[in-house]
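Relying on the hints, combine the two individually framed chains into one complex.
These protein sequence lines map, in sequence, to chains A and B. Just so we're on the same page, my numbering is the position in the first sequence counted from 1, plus 579. Just so we're on the same page, my numbering is the position in the second sequence counted from 1, plus 4.
For the record, the hints were derived by calculation from the structure and aren't laboratory data. Don't take every hint at face value.
Among chain A residues calculated to face chain B with C-beta under 8 Å, some are [what the hints assert, rightly or not]:
#1 H614
#2 T617
#3 R628
#4 V632
#5 P634
#6 A638
#7 R640
#8 A643
#9 A644
#10 H651
#11 G934
Non-contacting residues of chain A with respect to chain B, defined by C-beta distances greater than 10 Å in every case (computed) [unchecked claim]:
#12 H637
#13 A647
#14 R657
#15 P669
#16 R689
#17 D762
#18 R774
#19 R796
#20 R835
#21 G883
#22 Q932
#23 P944
#24 D978
From a predicted model like this one, the values you see are computed outputs, not experimental measurements. Using N, Cα and C, we set each Cβ at its ideal position, and we do this for glycine too.
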Amino acid sequence: MQPAPAEGHPPAAVGADGPGPIERIAGFAATLRDHGLTIGIAEQLAMVRAAAVMPLEHAPRLDAAWRAIACHDARDWRRWPELFERYWYPKRTRGSTKLSGQTRAGRNLRQLVEELHQRMAAQQPGAPREGPMDTAQQPMAVDADDAGVPRANAGASLSDPLHDRSMSQWLPQDLARMEALVDRIARALRRRLTRRWRDAANGSRLDMRRTLRASLRTGGLPVHPVWRTQRRVAPRLFVLVDVSRSMETHAQFFLRVARAFVTAMDARVFVFHTRLAEITPLLRSDSATVQEKVNAVTAGFGGGTRIATSLADFRTVHARAQLTRSARVWVLSDGFDADPPHRLAEELRGVRQRGARIAWLHPGPRAPVSEAMSAAVAEGLVERFHRLDNLADLARLADLVS
Amino acid sequence: MTDDTLRRSLYLHGYLADEALATTLWLAGRLERPLLLEGDAGVGKTSLATALAKARGQELVRLQCHEGLDLSQAAYEWNYGRQLLAIRLHETGSEQLREADLFSRDYLLERPLLRAISSEAPCVLLIDEIDRADEAFEAFLLEVLSDYQISVPELGTLRARHIPQVILTSNGTRELSDALRRRCLYHFVDYPTLAREVAIVQALLPEVGIALTTQAIEFVHRLRREDLAKKPGIAETLDWLRALHSLDVQALPDDPRALSAALSCLLKTREDRFQFDAARVRQLFEGRQAGVAEHATRAG
Numbered sequence: 580m581q582p583a584p585a586e587g588h589p590p591a592a593v594g595a596d597g598p599g600p601i602e603r604i605a606g607f608a609a610t611l612r613d614h615g616l617t618i619g620i621a622e623q624l625a626m627v628r629a630a631a632v633m634p635l636e637h638a639p640r641l642d643a644a645w646r647a648i649a650c651h652d653a654r655d656w657r658r659w660p661e662l663f664e665r666y667w668y669p670k671r672t673r674g675s676t677k678l679s680g681q682t683r684a685g686r687n688l689r690q691l692v693e694e695l696h697q698r699m700a701a702q703q704p705g706a707p708r709e710g711p712m713d714t715a716q717q718p719m720a721v722d723a724d725d726a727g728v729p730r731a732n733a734g735a736s737l738s739d740p741l742h743d744r745s746m747s748q749w750l751p752q753d754l755a756r757m758e759a760l761v762d763r764i765a766r767a768l769r770r771r772l773t774r775r776w777r778d779a780a781n782g783s784r785l786d787m788r789r790t791l792r793a794s795l796r797t798g799g800l801p802v803h804p805v806w807r808t809q810r811r812v813a814p815r816l817f818v819l820v821d822v823s824r825s826m827e828t829h830a831q832f833f834l835r836v837a838r839a840f841v842t843a844m845d846a847r848v849f850v851f852h853t854r855l856a857e858i859t860p861l862l863r864s865d866s867a868t869v870q871e872k873v874n875a876v877t878a879g880f881g882g883g884t885r886i887a888t889s890l891a892d893f894r895t896v897h898a899r900a901q902l903t904r905s906a907r908v909w910v911l912s913d914g915f916d917a918d919p920p921h922r923l924a925e926e927l928r929g930v931r932q933r934g935a936r937i938a939w940l941h942p943g944p945r946a947p948v949s950e951a952m953s954a955a956v957a958e959g960l961v962e963r964f965h966r967l968d969n970l971a972d973l974a975r976l977a978d979l980v981s
Numbered sequence: 005m006t007d008d009t010l011r012r013s014l015y016l017h018g019y020l021a022d023e024a025l026a027t028t029l030w031l032a033g034r035l036e037r038p039l040l041l042e043g044d045a046g047v048g049k050t051s052l053a054t055a056l057a058k059a060r061g062q063e064l065v066r067l068q069c070h071e072g073l074d075l076s077q078a079a080y081e082w083n084y085g086r087q088l089l090a091i092r093l094h095e096t097g098s099e100q101l102r103e104a105d106l107f108s109r110d111y112l113l114e115r116p117l118l119r120a121i122s123s124e125a126p127c128v129l130l131i132d133e134i135d136r137a138d139e140a141f142e143a144f145l146l147e148v149l150s151d152y153q154i155s156v157p158e159l160g161t162l163r164a165r166h167i168p169q170v171i172l173t174s175n176g177t178r179e180l181s182d183a184l185r186r187r188c189l190y191h192f193v194d195y196p197t198l199a200r201e202v203a204i205v206q207a208l209l210p211e212v213g214i215a216l217t218t219q220a221i222e223f224v225h226r227l228r229r230e231d232l233a234k235k236p237g238i239a240e241t242l243d244w245l246r247a248l249h250s251l252d253v254q255a256l257p258d259d260p261r262a263l264s265a266a267l268s269c270l271l272k273t274r275e276d277r278f279q280f281d282a283a284r285v286r287q288l289f290e291g292r293q294a295g296v297a298e299h300a301t302r303a304g
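The shape of chain B in the complex, shown without the other chains (with noise of 0.2 Å):
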């Protein structure tokens, strides 16, 4: 698969990446390596993982880390309940039970590292919001990420069978450690141009009509280079849209009164919604009408 093969592929499964991430993905399956992806929140970046897997025809396991994740919840756990259970029965039958019964991969719970390193299939492991695990954790990813393998002390080390292609994703609420990033790719996932948010927008939601789409990311674009909390993200463009459409809103109003409900889909926090009253948000509407004045005199 080249790297256009790769790019139309995503793009059947709803994702449009530029030339330059479908060339980053697909060095990083070449290589083998894993794949960072920083950026704010609602860019795309987990989307990619799940369309990736998609595109390539491959399951997707992931991995959500949060504070105090473990290995238990991250790599693997022993049944302990079933392993009970057996020597229960082994007590009351004649067979005897050697240790090494019990600790063998029946009574291993596979956690998702463990099953993307052990899946039968080639498959895609997504390991999401990276900078919310505890640097502990982060340091236990090494091994995983560089040698694709999983030490288990009571059966020894386990190999990837196939070697998944890892994507992790990071809000950059913390700084990551160099040895991680030193082991991966690295892609910063910006802002999509206007252009690139106007098809992604026609791709995924093509009921709605091209001047409200154009008119609406016009508008989240002037949005974005507000002084904002949480600036809106692609998924946010899109629920807005889903938002707009269900209100049955053809174009923009000239009062922006009318969708100040939907305006919730884009401002997120207390104090954006309280920096942008109506008054603030008619201006950046007339942007649009200035925006949209200029452009005809331009065609003309």
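If we strip away everything but chain A, and leave its shape as in the complex, we get (with noise of 0.2 Å):
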């Protein structure tokens, strides 16, 4: 076993020659931040200590340790493999490409820990420490030759469908406004009632049988009275917005919507094309690169629109276990769709027998008349149809709604 750092010091490394094992690990922290993972300086601090407690011989073993530093879902999860093979194994990338002048002796995992624990032998109990923050801090510098590395989807169509609308050209009156009626939704949505009680400290209803059992520790005197309260179930509402061509003209407007929905009540957002891709965590955080990021996703996405196929994502991988009676789906879409015109009922179907609602929101003023949407329609499986095209619309569905 190797030395291990002491307690919450992992060691320092300011190279002399090249970036140290500390900033190469700042430097991969930094990608991963760049592809939407949360990584603080905590979950920093944590890889470091990981990797300095890690035997030589289990080097490759950082791959599993780190993962379950870095990750904080399942969504996190699935996409590690291909971030960590991308940052420290770019020749095996397929696709990739070796760039001349340009060498990789930096990202190998076995000399980084070796380094580490070089570093952690030399260091003396009393020096002086350098702590890890101020690389954590500034980490894109080291990193700065990573844009030169080929990216799987650069070949790829880069004609995103929300090119060039800033989503600054908003008057601030009108974003409030829509803030304001999307609240008014989320609150109507709210009030739904179960008919189950639960407990509650400022409940409004004594519950007798709870309250004389509690009594019996205390010699029958009820000092704690158990109170009850109606249950809410605040419904969980997923909206997927339509990205394709062909609803470029107003995908940035259902962003905004969506986005709005975000905070108002928590809604998870995913966007689709020909695959679907969740948003939430990008749509959550309130800075101006929100729409590059949106942009980076469905960026690989390529032409035409596959919704049965995006929507078979949806409800078997990304909402398997949430899509329950107080669930909501949200279509905002065209209805315009690439996959063979059957499947979309059948998916909606799937859909529906989770016991989940749902709406299709439209740009048109008509509602989607494609053959894959009638025979959904005939089946009676989306409960509303709503034009969806500017805020007149959205106060209109508050009504309807509330």
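What follows is the structure in structure tokens.
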């Protein structure tokens, strides 16, 4: 077993010859952050500590160790292998080309662990330490050469549908109006109560049975009255936004609305095209680069719309356990589907069977009339069609819901 | 204990962990961080905690979460009955009773969290199905998980004597808060590969023949690829094989109707049963035979 670092104080490394191990880990962390993983200083410290306690012969197992630290949910978990491979083993990634004049000597896990162990062994116990905080705060600079790494989607079409439309073109009063409307809808949806009751310290109804039961331990004195209140089930809202070419002009507005729902009621938002991707974490942060990030997510999708395939992915992978009776699925799309017509109805039926209610919000004046849609409509799978093209439509939707 | 020895001792206690999971568990011990396990029901999240406790020779303290779980069920509660009794006894005696005497550790009922924190020996704390507890409870857990301490207003802060290895499991029915996720290491437990599941079944049910085991698990894997409301987990596979073994089946029969009763070990909702009528099951069975034939030709 290699020597372990002191608790909470990983060794410092400021390499005179090229980036040291800690800088390289910071570079990797920066790449992960760029891809939407939540990597704070705590995670970065834990990654350094994991590398420091890892025996040298087990260096490849850092993959599993870092995955446990850096991933916080199933979505991160699924994306990890690709990100890790591409960073540490770029040669293994298919389609990558070797760039002349660039060496990858720094991206060797074994070497990294070895250097880290050496530094720890060399470090004097009383010597002043330089924490990894400095590198953690400016990790971008370390990985500057990463810009030259060919990305897997570099060859795909970059003509993204949201291009050239910045989210900042809205006037502040429009934004405030939209947020008020979305809040109204969110409140209306939240009002739905169930017939069940739950314990609540400030409830309105006395639970006689449990109060009596609780009074036994105080010799029959009801010292601990138990109150109950009606249980509210906050519906889970899933917003699926079509960002295909045909929806180009509307996607911007739809994403705006979707984002307001994320803030108001913690909705989960997906964008689809030929594939489906979740963008909730991107919408949660209020930064100017949100649009760019959403574009980056959808850039590799290519042309065409595959609603049924995307719905299948949504239903079986992303929202598997959360599609319940209280779930609502809002599809924001014009309904033009490149998949075989019968599949859309099939997938919608799958969503309905879990109890979730489906609403279809379309940009055009009339409900979608494609062959695929009419089958779904005939079965009554979609609870509600509503036009959503501007704020006035949103106001009408709010009236309808509340 | 290295990750390899941990993996071996987990195996000796009936849990086959893959290398990544063993490394993560080992790291969680080294970094003294809780481990959050997510995955579908029946993939072996809870049994990992049980096996870990056995492998380390430690006590397993289990907290089963449910809606409405509160502090008095999870952490501690004052023993009112005993306090009243003490007051009565002192009324008859001559000794003076101080308030501090009534609010001492003697009158504190330990619930799982406090038991794990104040345990004399290191232990494994399993917080099962955390997604079923309320968000308020999740927030309370943050103190326990990051500082390994519990604050009791009447007593002060109780710190852990030994930091317990905490394992949290979640089925993903509710999104957990980022604060909780970031305090934990994370591992997504997926359904095992065919070879691993065969190894698991052989380790746990050595009495079932290898031919039947392989056939049955191939069938289960094909079943998992179908669109089911509830996919069969490892627990279901084990149940089914136990059922087949007790029915004295040596190999899967050509006619699936003979097994229709035993299939209820695998298909646990009405829709799934309805969807998998005899004809559909036969199709999946025939997939098996095609697979075997393929294998034979490849081997030949």
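Now the hints, each set against the structure:
1. Proximity of H614(A) to chain B is violated relative to the hint, the smallest CB-CB distance being about 16 Å (cut-off 8 Å).
2. Taken as an interface hint, T617(A) checks out: its beta carbon lies about 7 Å from the nearest beta carbon of chain B, inside 8 Å.
3. Here the hint on R628(A) is kept, as its CB sits about 6 Å from the closest CB of chain B, short of 8 Å.
4. Checking V632(A) against chain B: minimum C-beta separation of about 5 Å stays under 8 Å; hint holds.
5. Because the beta carbon of P634(A) sits about 7 Å from the nearest beta carbon in chain B, less than 8 Å, this interface hint is met.
6. Taken as an interface hint, A638(A) does not check out: its beta carbon lies about 11 Å from the nearest beta carbon of chain B, beyond 8 Å.
7. Taking 8 Å as the C-beta cut-off, the interface hint given for R640(A) holds, the closest approach to chain B being about 5 Å.
8. Taking 8 Å as the C-beta cut-off, the interface hint given for A643(A) holds, the closest approach to chain B being about 4 Å.
9. This hint holds: A644(A) has a C-beta 5 Å from the nearest C-beta of chain B, less than the 8 Å allowed.
10. Interface restraint check: H651(A) against chain B, minimum CB-CB distance 4 Å, threshold 8 Å, status holds.
11. For G934(A), the interface hint is violated, since its Cβ never comes within 8 Å of a Cβ in chain B; the closest pair sits about 11 Å apart.
12. Listed as a non-interface residue, H637(A) fails to keep its Cβ farther than 10 Å from every Cβ of chain B; the least gap is roughly 7 Å.
13. Against chain B, the non-interface label of A647(A) is violated: not every CB pair exceeds 10 Å, the least being about 4 Å.
14. Against the 10 Å criterion, R657(A) falls within the reach of chain B, whose nearest CB is about 8 Å from its own CB.
15. Annotated as non-interface, P669(A) keeps its C-beta farther than 10 Å from every C-beta of chain B; the closest such distance is 22 Å.
16. Taking the minimum C-beta to C-beta distance to chain B, about 16 Å, the non-interface status of R689(A) holds against the 10 Å cut.
17. No Cβ of chain B approaches the Cβ of D762(A) within 10 Å, the least distance being about 20 Å, so the stated non-interface status holds.
18. The beta carbon of R774(A) is kept farther than 10 Å from every beta carbon of chain B, the shortest such distance being approximately 15 Å.
19. Not every beta carbon of chain B lies more than 10 Å from that of R796(A), the smallest distance being close to 4 Å; the non-interface claim is violated.
20. Separation of R835(A) from chain B is adequate, the least Cβ-Cβ distance of about 23 Å exceeding the 10 Å criterion.
21. Taking the minimum C-beta to C-beta distance to chain B, about 24 Å, the non-interface status of G883(A) holds against the 10 Å cut.
22. Here Q932(A) does not stay apart from chain B, with its beta-carbon only about 7 Å from theirs, under the 10 Å limit.
23. P944(A), annotated as away from the interface, keeps every beta carbon of chain B farther than 10 Å; the closest lies near 36 Å.
24. The Cβ of D978(A) lies farther than 10 Å from every Cβ of chain B, with a closest approach of about 30 Å, so its non-interface assignment holds.
Figure legend: structure checked against the earlier numbered hints; hints not met, in rising order: 1, 6, 11, 12, 13, 14, 19 and 22.
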